[in-house]
Structures are given as structure tokens and as C-alpha cells.
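Given the coordinates of chain A, assemble chains B, C, D and E with the ligands onto it according to the supplied hints.
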Amino acid sequence: MSTVILLAATGLGLGALYFLVASGLSLIYGLMGVLNFAHGSFLTLGAFAGWEVARRTGADSWWTFLLSILIGAAVGALFAAFTEFVLIRRLYQRHIEQVLITVGLALATVALFEGIWGTDPVFIQGPAWFKDTTELLGARIPNDRFVCIIAAVLVLLAMVLFLKRTRYGMIIRAGVENRSMVTALGIDVRKAFTLVFTIGGAAAGLGGVLASHYFGYVSPLLGGSLLIFAFIVTVIGGLGSLTGAAVASVAVALLQQFANFYFGLGDLAVVLALALVLLFRPAGLLGRKS
Amino acid sequence: PTPGSAGSGSATDGAGSVNVGIVYSKTGPLAAYGEAYYEGLQAGIDYATGGTGEVDGTKLNLTYHDDGGDPDKAVSVAKDLIGQDYKILAGTVVSGIALKLAEQAAQNKVLYISGPAATDAIQGINKYTFRSGRQSLQDVATAGTFVDDLKGKKVVVFAQDNAFGQGNLAAVKAALGGKGATVDSVLVPEDATEFTPFARQLIDAKPDLVFAAWAGASSGSMWQALNQQGAFDAAPIVTGLGDAATFGAYGAAAGKISFLNHYFPGAAGNDVEKAMIAAVEKAGKKPDLFTPDGFVAGQLIVQAVKEGGSDVDAMVSALEGYSFDGPKGRTSVRASDHALLQDMYQAKLVEKDGAWTPELVEVVPSDTVAPAEAK
Amino acid sequence: MSSPARPALAVDGAGLKIGGARILEDVRFEVAAGEMVGVIGPNGAGKTTLFNLISGVLRPTEGRIVLGGADVTGASIHARARAGLGRTFQTSSLFPQLSVLENVRLAAQARRGGSLSVLKFPRSADEATRVARENLAEVGLQDKAATAAGDLAHGDKRKVEIAMLLAADPSVILLDEPMAGVASGDVPSLSAIIRRMHRDRGCTVLMVEHHMDVVLGLVDRVAVMHHGKLLAIDTPDAVMANPTVQSAYLGEPV
Amino acid sequence: MKPILNIAGLNAFIAGQQVIEDVSFSVPATGITALLGRNGVGKTSTIKAIIGLIGRTGTVELDGQRIEKEETHRIIRRGVGYVPEDREVFSKLTVAENLKLAERDAHPRRQLVEELFPDLVKRSGQLAGTLSGGQQQMVSLARALLNENKVLLIDEPTKGLAPKIVQEVADTLAQAAATVPILLVEQNLQVVRQLADGAVVLSGGRVAHTADSAADFLADEDLTRRLLGVHDDGAGAAAPAAGSGAGEPAPEVAR
Amino acid sequence: MTTTRTENAGLAAGSPAPSPRRLRGGKDSDGGRRKLLGIGGGLAAVVLLALLPLLNLSLPGILPGPTYTPGSLQLLAMCLLMAAAALSYHMLLGVAGLLSFGHALYFGAGVYGLAVILSNLQIPLLPAMGLTLLVVVILAHVVGSISLRVGGIPFAMVTLAFAQAGSVMVRRNPGGTTGGEEGLALDTANLPDFLVGVANTRNLYWLALAALVLVFAAVSWIQYSRAGHVAAAVRENELRVRVLGLQPYLAKLLVFVAGALMAGLVGMVYLLLQSGAVPRAVSSDFTITLLVMVVLGGVGSRWGAVAGGIFYTLLDQRLTALANSEAVAGLPDVLRIPLSEPLFILGTLFILVVLFLPGGITGGIRGAARRFARPRGGQPGRTATAATARQIPEEQA
Ligand SMILES: Nc1ncnc2c1ncn2[C@@H]1O[C@H](COP(=O)(O)OP(=O)(O)OP(=O)(O)O)[C@@H](O)[C@H]1O
Ligand SMILES: Nc1ncnc2c1ncn2[C@@H]1O[C@H](COP(=O)(O)OP(=O)(O)OP(=O)(O)O)[C@@H](O)[C@H]1O
Ligand SMILES: [Mg+2]
Ligand SMILES: [Mg+2]
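Residue numbers (my numbering), protein chains in the order written: chain A, 1 to 290; chain B, 291 to 665; chain C, 666 to 919; chain D, 920 to 1174; chain E, 1175 to 1571.
Excised from the complex, chain A in its bound form (with noise of 0.2 Å):
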């Protein structure tokens, strides 16, 4: 009984992580079209800015911690915002290219990263509270678990927010479409563009920082290794639906986890439940029918 609690407990810290990985990703792909191949780096270097601060401030203490999570979020923003300025903006509605482009710039910053931080992981230290476990029903559940459900929480409410109370949604949304007549209507569509890739990369930012406590490291690999996770949480849970990624993260990790612990085939669980949800709702569970 306790192993099934355990099992998901943690399966919930996961399925957060995920959300937090994928939260971005799907924020773009679904407003923008854009499957972006790059949101492992803004997360890497989410996550190295984190390391950073710590390192330079002491590694242990929770402000530390804090700082860390909003530096590495800056910085996530900064380089997406980035990305989007020089090179997406040059692209719009050529969705191809787009993907390609992301690719590229995947494939070269992973190799700059290697270059400046080395191949080798970093491991992190948190607070000291992290380290420690609650019990719950007899499990005893790693504390850091639940930052990465509160945080997740938190993003989702306040992505949910952005999307329902700003017009930015539908801006973004029409622009995808046909972006002359958005700028028809009076509006900056760049700037709806940009927004809405810096809001991503600062949830890869924040993802990454987490994430690195999660795996207790950081490596160049880091966000590639989540990104496939991401992909799928994000096509499963349906194009542009921050709920159905939240639902999809929850029950991927949950079946990723039981899966892996009772038959040692977790992966090929996750990406026979893909294959299924795609044959058999092409949209995604949540998702829009196009």
C-alpha cells in the first residue's frame, strides 16, 4: 500500500515537473504553431543561471533558492524574447521553417553550452529542506516534490489568467491565422508574438532551475532529455490546452511511473498512450478540433 502512495506521490512531483518543462512549449505551440525544438535550451540555461547565483550566494539558504528561480526565469525570458526578435520574427506563418530554425539553434547551443560549462553534470545543492522527506501514509515523500507541485500550480493559474483575462490569447490565436488582417485591425501583432515566447521561456527558466533540484544536477543534456516528455505531455494533452497539458503531464507521469516500477516499461507505456491518444483523438485529449 505504501508503494502505491509512493508511487503516486512522487508520480505527482513528475507529472508537475513535466507540466513546468511543457508548460511553455505548449503555450507556444499552441498559440503560435511553433513546435519549439529550442525550448530544452531555454531550460539548460535556466537552469545553469541558477546554479550561478547559487553558487556566487551560498547554496543552501531559501533565499538563495528564490533568487535563483527568478534569475534563472529572467534569463530563460531574455533568451526566448531573443530567439523570437532575431529569428522567428523573420518567419512568421512559415511554421517549416520555423520548427528548422529551432532545431538548429537546439543542436547549437546544446554544443556552446558543452563549450562553456563542459559535458560533465553539475550537481546542485538546495536548501537543506529538500533533502529531507515528509511522511505520508507511511511513504516517506522527498520534500522537493512538493515545490515542484506548488510551482506548478502556480504556473498554471497564472497562465490560465493570462490567457482568459489579456486579449493576448486571441491575438495570438487570430495572428497565427492571417497576420496582415490582425495588424488590420490596429494591432501590434509582433509584440503579442514576443510577449507570448518571453512568457515561455521564462516558465522553461523556472522548469529548469526546478528541474535541476529535481535531478539534483544540471548538464548541457538537461533540457533535451525533458524536451521529448514535453512534446508528448503537450500533444497529448491537445493543441494549445494548458489544462489538458496540466491533465496529460499528471497522467503521463503517473503511468510512466507505474509502468516503469511494476514492468520496468514505463517509456514504451508513455509512447504507446501517445500513439493511442493521437490515432484516436488526433486533437489531443483537451484540444481544439482544427
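Quick caveat, the hints were computed from the structure, so don't treat them as lab data.
A quick note: this is a predicted structure, and the numbers were derived from the prediction, not measured.
Just to be clear, a hint being listed does not mean it is correct.
Unchecked claim - Across the chosen pairs, the derived CB separations fall in these ranges:
hint : chain 1 : residue 1 : chain 2 : residue 2 : range
1    : A       : TRP129    : E       : ASP1459   : 37 to 45 Å
2    : B       : GLY306    : E       : ARG1510   : 34 to 42 Å
3    : D       : GLU990    : E       : LEU1210   : 49 to 57 Å
4    : A       : ILE5      : D       : GLY1044   : 41 to 49 Å
5    : B       : GLU571    : A       : ALA74     : 38 to 46 Å
6    : B       : GLY470    : A       : LEU276    : 44 to 52 Å
7    : A       : ASP188    : C       : GLY684    : 28 to 36 Å
8    : A       : ALA74     : D       : GLU990    : 23 to 31 Å
9    : E       : LEU1305   : C       : GLY684    : 47 to 55 Å
10   : E       : ALA1501   : B       : ALA664    : 44 to 52 Å
11   : E       : VAL1502   : B       : ALA664    : 41 to 49 Å
12   : E       : VAL1502   : A       : ASP188    : 40 to 48 Å
13   : A       : ALA74     : D       : GLY1044   : 34 to 42 Å
Yeah, the Cβ is synthetic: ideal placement off N, Cα and C, and Gly gets one too.
This is chains B, C, D and E with the ligands only, laid out in the frame that chain A set:
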């Protein structure tokens, strides 16, 4: 171009020089290991040739080639070198590449001395392949020395479910199972990121000794999970001590782990080791886990050239049964399967000035951990 | 050709609901072989939707579609096309990056079989190419054969649609606003092509069109759609005189 | 009274090709000015050039201020309502979202739009892409009418519409024209006759004729045959309806 | 400037963009001479390539030694094989507009299939190859018929998922068949002698050349056949194809399986060349590499795929050399760190090509040739209009 007969090929061109192709990871994911190997090799050649870089008047001409961790590149490089009539290849830290190079060595009848790649598959793979590092079976046998009498004990292997983990499990079964222990395993799917439940599973297996075989970046969170779930209270946990960069990975568990060790600076304390450390430090680098592998490679190359000239078969005979003083003490090449018999170490990590430092617990003599002969 | 007694096309109580919204309701009519029927009705009445049901782009939620005596309600789009049904689209639907000739040739091949063959190559001398060229000439586009279809002017795209239709040699044809966007100077010649298709090849034609003069000059009967229902189907004169049609569709003359 | 739009020496380009050349005319501050001409003479291009949707040179003055160097969204924000030729509704957005997106003013005139197009209120949750052609045209018009504008640029609002809807649209335009000047591209000459005050006629990318009274121009059989390819004496009752009024496309500018 | 053509609106849905090529309609009118020229040029190139092992040519900076040396032949053979693999990917992306992220699966199936069969069954090479191809075809059929039920990004993701599953399987080393991440050595017991050993590298080189020629011919064949034309039409407008009475699904499946078959074939030769299989052959990284090659060369062009494959492979090789060179080591950090990472340079180059050279290498060459061919003093802008430019056939250049 026909493969030249002894002495007429370009390999021993001009004023009597012999070309040696070193294929290793200068870039790529294992570049750090590559660097340690390289530094060790420089020191080893220097040491074995008395600083001349020559063997009996024949100049050793070492050329360095980056495999970037990519087997395709390594094979291309090897073919290029063999095509240029190189008779000696050495290097690589990647097991997959070592196997490919061993294959090339056999196909083309050249000498190959593999580097830190630990795969047991190299042992006795063919007549032309030797190794300059240690192999998994030796690691595992060292682990077995942590329990006095293995009979009736339950050894559980905690490893990733991949070739490395499976290899280690097989090695444990062979090495420790043979000594009367029952061997069980908790194999964690390679791509799992959450180890907590597996830590529980390990504890529930009620082991007497745990052998953890783990490679890669996820080791940090693996150790944290074992520590958090209280696995160290259940049984002693043995694992291989990695290079200095990984000391941070053990986190809070570092002091509790029993380490088997291939090498850390200062472990052997003999003169050859001192010479190696001095040479590496002179070059402005720090000796590490795989420095001896490079050093020994240098010693083997010099021996091969000294006794074999440029005749590959003669080189092979020269190396088979060769016994010498290496940085880890008395080291010998077993004639039958080219296993490199060497001492291993038990070690622990202690905290010094806020950093974890390895400390020797015991030297495990080479015959205690010699792998069974491969047929 | 189907026997004269049997209708070439029958829509039998077809209806369509999408997400609770009724888009079509109990549409019921028959078109005799060789007959030409015009379909008119206000925007949003369901004319295009009706065509989509008949051609299989949408499945009716109730009722049946009968083509040449065979029930095709569940049949796929291409199966209906193979059975001799051809259609054009309200907004031109071509292969924009392929040449005009290639567009028409694909249509010409489609029903001659072997289209998916890797052993046959389209050649200038083959039957499909000859048919394609003939039909291009028929709509007056022989000079544009090598142009990419996407580069054509709006009106020319409509003509390519017609040429593709001719090349596929269907027996039942659905035309969705064929005159929309065609310069008025070309309207008579295009009308003539449609008339020839109908008279000389004996095709059964169903045509949506807002140009009343065109409709009235060509068709045998007119069907009027309104709010997803078939309001009336009758001779042009009778329909024009129908007061409901007057108020629902024609309105006061401007 | 000063004209609301003043266009002088306007040239415009699509994909490196010049599509209009040295176009000059002005739009009075009241009433509807018709922009006429055969297929492909550059009517749509002129409107797009005014709001900067295609590359242009020359001068454009809106209410006395030069705007030809500004970006499209700024020009629109100065008070220009634009109804594009092919409706260009956002097909993946709902009707309500389409309208909401168009709201620029602090107090958009939702009431007015709801009164004009009750059908849209009923369909506010439907994806605009699934609307019929006529319904999409209503969305497109509504988007422009939601805001307080200095001028409306409307491109072929009756194309593809049923005769009855044509009439409704015409009535709507007449109503709108009471408060805001309109530059209207229209092929249906009966609609033009009913609505337009002045007229500008293009041919081959240039201004071929300017008339203070559209009715006078349409009455001139010689001119209309030459410039539009048809003559419609206004007695032709219901037919021929929408879309007629143009012959062969005129030769392009600057061969 | 912001002009949008309505046809482009479909792209907004996130569906793959039609590749920027046009199937030539005027093939039967004006293309004859051009086609002959293309065939002639191609033949000449093949003859030259076939003679390389017998010549003593040096291309310093590109090849490690003269062309007859095994090192150079190995590199050249690798280039040819990658060109062939890129061509097989071109089948999907360029011909049918299918963006697959799982093409490596079939390449890998060729590599591992042959390796496993050779080391487990005592049968000669040719039957083993036949058996492998059979496996590849069945695999492609199964995966293709499932994943082609969706299109666009979902298709990309399903193919990625299947390939990922394949990759996981290979790394799992089920029953010890695949050797896990250490890979599998080629069992040479049943191989003919002339394919084993460095001394025989030129035979392998010729084999690679034959594979490339074969794949090129097959791609051309399919592309020019009726089925190829239907596939191109499907790429443009699927509904329209259906209304004509054709099944897009079958056309796509045909292309998918044909592409997979070619990839499998290339994979087998690759195995012989490298005399071993490694998991990278099945990884999504490899699919991405193929994608990069095709885009570098120019999407939609067969010569582009070939050029991209060769260019990428050479660059990959030479950039490693550059990274290790003394010249780079001496640079200040800001320059040294990026320049010593080959993938950084490749990635950056790739981005630049996508941004500034939309037609890839072939597109760039064609553009340059056009500029060169334009009469001097001719008025720029008006002479080459957008319309005429796009009509220049992209098949042969
Ligand atoms: N997916 C859908 N969801 C909801 N309503 C739909 C959907 N598809 C079509 N409709 C509605 O069905 C009705 C019929 O549309 P249809 O396109 O058939 O009209 P039409 O008669 O062809 O009009 P037009 O002459 O303007 O082309 C319209 O009111 C439209 O809004
Ligand atoms: N995307 C484009 N690419 C190339 N040429 C174009 C493009 N769009 C329009 N043109 C050309 O520009 C010229 C003017 O077109 P415009 O759309 O302004 O004409 P119009 O007067 O609005 O015609 P219509 O009555 O058909 O709407 C035409 O000759 C047309 O062929
Ligand atoms: Mg319609
Ligand atoms: Mg127009």
C-alpha cells in the same frame, strides 16, 4: 597501396619512427575522461622512454584523433590510420567504440590497446586486442571483498537496466555468485527519473550487501533517494568511486558509501605513481580516475615497439604475459585472454575543508580480483 | 448511363446536426438522369453543406444519399467519385504548386485507373494528357498549361476547376457557385460549357449559383433552400413566382 | 470642407511588381465615394496601399496628417475601419472572439452591431470558419462598425451574397454613411447607384476618371462602356446582380 | 511587407507547409533537353565517382588523403551513404510533404536487422539482406498504416513515438540481441572476403556508390510515375485528391514504405561499411540529422538531398578537425569556445541557411546562376518577375 611487410611500410619510415594512432574523446560527452587518459599517456610514454620519446632509436610518433564519442567517427579514423599503414592503435573511453576498434584490429591485423572502456567483452575478444584499464569483473570482485564470507549472503545489485547495469549484474553473478552468495537485482529502467520507489524495493529485498552500478548524471538523485529512504540502514552499499567531478553526486550519502575503486591519486603510493602524478601536475593538470589507463597504455606501447619492432605478431607475443611496475603497482597482461591484472582499492570519502576527498581503506591485491579466464 | 426510370441522384430525408446545431433537416428530392437542377437560397441556407453530404465530405446524421440507384450514404469520398460523381468547390480548390496541365491530368487519370501505379509515367503522348489538353482548350486555358495553378487569376482558377471536372468525365456533377468571381465577360462562355456538359455528355447537374440570370437560363428545375430545409423544388417560373422565395431569397429589387 | 483622405501620387507594389501607378484622388468628409473599375485594375491594391498592407510610395493624408510612412496598426488606430475583399475572418476563432479582437475603442458600439446583425449574436460561440459566406461577411462588416472611425474602407461587401442580403448590406452601408465617410469598392452597379455620391474610376492601375456624382458617371454610356466594359441604365430590375460590371481584365501597368 | 495569399491560410493550422517546389507540368514540352542534360551530367558524375579509387587526387582540407587511400574512401563512402539516406527522407518530405520524425527507425532496422540476422542465422549475405528488407517493409507497413491515419504535427509525433519505441528496444538489448548501447559488431563469418578489412575499403565504396545510384534512380522513378504525381497532389490538397476519386492514404503509404525500404537498404550498406551497429542509427538524433541534410540541400530537390547529405557529412568531419586545430586553440575564449564545438558551427550554419537561403544549397546555386545568366544592363526587378522565377523547373539544376 599494398600493406607493407615489416620495416618497409610507412609506419617505420625515414629515420626509424613508428606511428601510433590514439583515438579518444577529445570532445563529446566523455571528454573529461579523454583528457585524463591523454595526460596519463603523455606521462607514461615519457616514463617508459626515459623522456626521449624513442625506443631503441626508433622514434614514437603519436598522432591524436578525436572520436567525439561517436563510433562512426572512430571507425572512420581507424580505417584512415590503418590505410596509412599504422600498426598500433590505442585509446577510447567508450565501450561501444572499443568494441568497434577491436573488430577493426582483428579484420586488419593491427595491434589495439583499449583505454578506460570497462566492458568485459573486450577480454579475449581477439588476438590483437589488449587493454590498459580495468574491467567490470574486477570492479565487482572488489565489491565482494567488503563482506568477509560471502557464503549464504544475499547480494543485491542495484543498477540501471542497460548494457552497463546488465553487464555488472552478470559480473556479480559470475564473481560473487561463484563464491556462494545468492545474487538478486533491482534493475531500474534506464530512462526512469524517479528512484524513490526503487529504493523502497531495494530495502524490501533485505540484502546483506548492495552493489550499486550506476553511471551518468542521474546518480545524484539515485543516491539521494537511497539515503532518504534509509537504504544505508539496511545493508552496506558498495559502488565504484568515480572521477573527482562526481564526488559531489553522492551528496549527503557520500560518507556512508563503501567504495570500490580503480584509482584515485595517492592510492598506490609507489614510485611509478609518484612519477605519474608529478608529470601530470607539471603539465598543469590533475591526475584522476583514468590517468593510470593512459599511463599504462604508454608503457604497453613502448613494450610492444621495443620487442616487436613493426611486426604486429611479434608485438602481440611481446605483450602477452608481460608483467611490469605500473602506477598501480605490479601489473601483468594475462597471456590467455589479455586481461590486465592489477590491484584494486577499497576507499571512502571524507570531508576535508568542505570538500569530499577519497581516502584509502585497503588495497585489494590483483590476484584476489582477477577475472576468470575467458575462453 | 442509368436507366431513365431510375433517378441519377436521390437525397432521401438527409439531415445534419453538428454539436446540437441543426444545419440540414429532412432534405428530400430526386434528380432524374440528364436533368439540370439549380440550387438557390440565402447565405447560410445549407447549400454547400448539402453538396458536402452528397459528395461524402460530411456524413449525414440521418437519411440516405442514393447515387445511380446505389445507397452511398456510408461510402467514402473517393468511392463516390469513382462511381461518377464530380464536384467543384465554392472557393477554388486546386493544387496550387502543380502546373495547370498537371491539375487537369490528375483528374483525367483518376477514373481511368492505374493512378497509383509506379509503373506508368505521365507522358505527353498518353491518353490522360490528351484528354487534359482537350479540356483545357475547352475552357480556353491552353496557353496557361505550364503555369502553376496558384499563380492564376481568380477567374482562371474557376475555369481550371471546370476543366478538371470535364476531364474526370463524371455522370453526376455538383457545381458550387461556378460563376463567383468570373468576370462578367466570361460568364456567357462558361455558361455555354456547362450547357454542353449537360446536353452533349448527358450529365446530371446540380448547381448552386447566386447569378439568377445564369440559373434561370440553364436549369430545368430550381431547388430553394432556406434555414437548412428544402423550401421548394419546381420549374424556374414557378419558383420565381413563389412569394416565400421572393421574401426569403430575392428580397426587394435593389 | 476638407477631405478626410487625400491621396497623391500613390504607387504600390506586390512581390516587386508595380500594381498601381501615380494614383491621386481624395475622399470627401461625408458620404460614400465609390472606387470602380474592371477586375484587376488595382482597386483592392489601392485600399491596401492606403493602410500600408502592401509596399507603397507617394503621399496619403488622413484628416490632414501624413500617414504613408506609418505601420498598418498605427494607421488603423488613427481611426480607419477596413473591410477586406475576402472577408478574412479568423476561422479558428469564434464569432465573439472575432468581434472582441476588433474592439479598439474604450466603449465599442456592441449594441449597434447586435442590432444590425442579430444572427451573429445567435452564433457568437461558433467558429467563424464554419459560417456560411454571407455570415462571414457580416462578421467582417461588424468588425469595422464596432469602433468610432474617421473613415471606412470597404472592399466588395456584396460579393457572393444572395440578392436579398445584398439589399440588407446596402441598407447597412447607407446607415453607416450617415455618420462616417466611406470609400467603397463595389462591382454591383445598382448598389453603387443607390449609395455612392462621388466616384473614382481606375484603369490599368491609374485613375482614369473622377466624378463628383456617381450617378452622372453611370449615366454616361460612353464612359462606362470604355472604363467598366458594360453599361447599366439602371432600369434592369433585379438582374443582373452581384459581380457583374466588368469585362476582360485591363492590361497591367507598365508592361 | 505583409501580403498574404489566401492559399497560405491553411498553414496556420500547423499543418506542414507545402515544400517550395513545383512539379513541372511542362516536362513534356520544354523539359526534354534539360532532362537529357541532367541525365548526362548525372552519368558523368557517377563515372567520375566510380573512378575515384583508381585516381590519385588530393583535396587538402576536405579529404584526409589522396582519393585512393582507405581513409578518404571511407569518408567518401560515408558521404554517399548519407546522401542516399537523405534521398530516402526526401521521398517523404519532398515528394509527399510528410514530416516524419521517425525515419531513423527504418535505417536502423536495416542496420540492426542485417547485423542480427548475420550473427544469428548461418546464411550468406544476399539472402540475409533480402530477409532484412522484408522485415523493413513489414515494419514500415505496420507503422505507416497506423500513423498515416493522422497528418501534420500529430503524424510527426506518432512517427517519433514509434521510432522512440524502436530506439528504446535497441538500447534495452532484449535477449542480448542488439548489444544495448555498446552496439553489435558485424559478424563477418558469412561475408564475402572482398567486403572485409580496410584493404577492401574501395569495394565498400563502390557498394555505397551503387546504393546511392540505385536509390536515386528509384526516387526519380517513383517521383515521375503516376503515383509520384498523385503523392505531390496529396501534399498540396488532400481533399481535392479524394474528390477526384483517389485515395490519398494509399499514395502516402506507398511513399512511406518506399522511403523506408530505401532507408533500410542504405542502413544495410552502412552496416557493412562501419562493420558494426550502434544505437545512434535508430535515434531521433539521426532523423534530425537527415532533416538537416535535406533542408541544407534544399527541400523538394533530389540533387539537394544528395548535396545536403554530402555537405553535412564532410562538414561534420572537417569541423571536428577544425575544433582540434592549433589555430582555434590560440583564440580568445569568446571565439575559441564556440569554434571548438562542431555542432555549434553546424547548427548556426543551418539557421543561416533556413533564414537566408530558403532553397538550400541547390536553391542558392540556382539563384546565383539566374543572376549570372541575366543579360547585363538589364533592368533589375522588372526582368525577372516573381511569376517567371517560380516557373523555372526545380528538377534539374
Ligand atoms: N461545423 C459547423 N458548426 C456549426 N455550424 C455550421 C458548421 N458548418 C456549417 N455550419 C452552418 O451551417 C449553415 C449552412 O452553411 P453552408 O455553407 O452550407 O451555407 P450556403 O448555403 O452554402 O451559404 P453561402 O451561399 O453563403 O455559401 C450556416 O449557417 C453555417 O454557419
Ligand atoms: N499576390 C499577388 N501576386 C502577384 N500579383 C498580384 C497579387 N495580387 C494581385 N496581383 C495583381 O495586382 C493587380 C491588381 O490587383 P487588385 O487585387 O488590386 O485588383 P482589383 O481591382 O481589386 O480586382 P478585382 O475586381 O478582381 O478585385 C492585378 O493585376 C493582379 O493580378
Ligand atoms: Mg456555400
Ligand atoms: Mg479586388
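Results for each hint:
no.	hint	result
1	A:TRP129 <-> E:ASP1459: 37 to 45 Å	holds (38 Å)
2	B:GLY306 <-> E:ARG1510: 34 to 42 Å	holds (37 Å)
3	D:GLU990 <-> E:LEU1210: 49 to 57 Å	holds (51 Å)
4	A:ILE5 <-> D:GLY1044: 41 to 49 Å	holds (43 Å)
5	B:GLU571 <-> A:ALA74: 38 to 46 Å	holds (41 Å)
6	B:GLY470 <-> A:LEU276: 44 to 52 Å	holds (48 Å)
7	A:ASP188 <-> C:GLY684: 28 to 36 Å	holds (35 Å)
8	A:ALA74 <-> D:GLU990: 23 to 31 Å	holds (29 Å)
9	E:LEU1305 <-> C:GLY684: 47 to 55 Å	holds (52 Å)
10	E:ALA1501 <-> B:ALA664: 44 to 52 Å	holds (46 Å)
11	E:VAL1502 <-> B:ALA664: 41 to 49 Å	holds (43 Å)
12	E:VAL1502 <-> A:ASP188: 40 to 48 Å	holds (43 Å)
13	A:ALA74 <-> D:GLY1044: 34 to 42 Å	holds (39 Å)
Checked against the numbered hints given earlier, this structure breaks none of them.
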